[in-house]
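Visitor: For the record, the sequence lines run as chains A and B.
Here my numbering is used: position 118 in the first sequence is 232, and no number is missing along the way.
Here my numbering is used: position 69 in the second sequence is 71, and no number is missing along the way.
Just so you know, these hints were derived from the structure itself, not from any lab.
Remember, predicted model here, so these are calculated numbers, not experimental data.
Each hint should be verified, as a subset may be incorrect.
Just so you have them, the derived chain A footprint on chain B, three or more residues with Cβ under 8 Å [unchecked claim]:
id : region
1  : 41-52
2  : 187-193
Some, not all, of what chain B presents toward chain A, calculated at C-beta under 8 Å [as the list claims (entries may be wrong)]:
id : residue
3  : 82
4  : 114
5  : 180
6  : 184
Quick reminder that beta carbons are idealized off the backbone N, C-alpha and C, glycines included.
What follows is each chain in one-letter form.
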Amino acid sequence: MTQLLAGRNLALGAEGLAEHVRRLGPLPVPGPSFIEVLERSGLKGRGGAAYQAGMKWRSVEAQSNGAAVVIVNGAEGEPRSLKDRLLMTTRPHLILDGAFLAAKAVRAKQVVLYIGEDHRAAHDSMARALAERTNEERRLVRTVAAPARYVAGASSAAVHLVDAGIATPTTTPPSAHQRGVDGAPTLVQNVETLAQVALIARTGSPTGTHLVTVAGGVSRPGVLEIQSQTTIADAVELAGGPSEPSEAVLLGGYFGTWIRAASAWGLALDHDALRARGLSLGCGVIGVLPGSRCVVCEVAGIMRYLASESSAQCGPCFFGLRALADACTRIAEGGTDHLDLQRLQRWSAEVSGRGACHHPDGAVMFLQSALNTFPEEFAGHRAHLRRSA
Amino acid sequence: MSDTLLWYTTRGAGAVSLVLLTAVVVLGILSALRVQAAGWPRFLTTGLHRNLALMTLVFLALHIITAVVDPFTHLGWLTAVVPFSSSYRTLWLGLGTIAFELLLAIVVTSLARGLIGHAAWRMVHWLTYASWPVAVIHGIGTGTDTLSAWLLVITVACVVAVIAAIGLRLTARPRDPLKEPRTTFQAAVQRPETR
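Bound-form chain A, shown alone (with noise of 0.2 Å):
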């Protein structure tokens, strides 16, 4: 079965227009039941949120009256992922064939490549592959660099950059697909989902296979194309297996699940099984935290960044998120204090839900998962003393 990192060895950079198509064959004009085969085939986004793709080119398509904007999404924000950057770095046509196939789809006028500010190479590559495109398909395309920010990846801080020039999220409902640049529908996807469209095109369902970024405690930290039954256990083999003893991972990015080690290695990353605990696969970072590391330490360097990665819009957020910082931060310098360890569970609760866009409900869903999975590690946590040269 074709999967994403098919054909040319990745180190060899970017595949050209002519061997994209000597492998797979020219884009097929998708039929008027292309959404249909879409929604059968269950794909879901793989920005992190997983929402099903096929509901929301219906959703859009049905809007469009010919206005419609397709947005490329491969602002990739997250910290650890690099998955985005190396499917534009290296399999740029796959991507465009996914977003003229949309643009064709939801009757599009226009079609925005949302890439990440600091991915120099995946700009350049994906630049490239648009100059060997027909000029009817660079007609449709404008590029715009998404500043490097957590929140830019959101798709309202998208539509907001298109039209107004600044990547800060707005409120949703209505969300994107709904009303997005110049009010009109947006469909906003992850430069994965795109590419899987684009398989989709060709044999009719998707390839059933995920990119991961297996980052930290590993020998060869990268990104992995895997299949669904795949393990973690498999994924970090893959990584060259653990570089020191690990005692936690976190699953899915900043926004992602803690989960003790000796759960872990047995998980499958498959999209249900994982759901099915409670967990998802969100953008696909997998964090082995290496033995030598506290966990409470990195939780409250994690929490520090997500407070200032606030956009300054909503309160709850902005002073929340910092005073959760602050208190994870008094635990991890000083020892535990119980009044924290409470305000850590009462504050959360205030935060949660009171932002425009989900950036808070993020951080205290990490937070929650850190405080429910080491509840012995957060109960007895003692001020580390510098550990000496």
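Guided by the hints, dock chain B onto chain A, whose structure is given.
Guide: Just chain B, lined up with the frame of chain A:
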């Protein structure tokens, strides 16, 4: 349930509602002033404001239901909805109905803020300054207990609290603490050339 118990419940729930509503109003004004302390970050004020407002509705429901079902006054359910429709203390009860309906509008628009937008929500929220005084006048006017010392003390304390909070709000010029971080963040994510 005996009639006397209903009657006592109506009066008690009314007094509790007054205290709760006053607390909600004062917290609302304080949150606009952005009052906070080390162990009490500001988002807790708004959380308490919201929860107390919902609790006020519970006691108001008790106040209204027990008053209506009390056979002595013969109020009927219409009184709870249509102002000045009762033959018993027409003016004072009518004011109560008005205060209640204003409050209901404020709570419903707050729960639906995501749908109606910030501007519309804010406009309706200004009605608080009508709802609270009307409720206080309703309490004084209807009041079986107005001249009893305990309710007198409560009413005066509530009025003083709200006047003090409004006074503070008018004199202190609250600074928007989000303004600076927001500007900084927006500068970081602004790409005007993409227009």
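Visitor: Now, for every hint given, state plainly whether the structure supports it.
Guide: To see whether the hints hold, each was checked on the structure:
1. 41-52: Coverage by chain A holds for the region 41-52 of chain B (6 residues, Cβ < 8 Å).
2. 187-193: holds (count 6)
3. 82: violated (32 Å)
4. 114: Cβ of residue 114 of chain B sits 12 Å from chain A, so the hint is violated.
5. 180: holds (5 Å)
6. 184: holds (4 Å)
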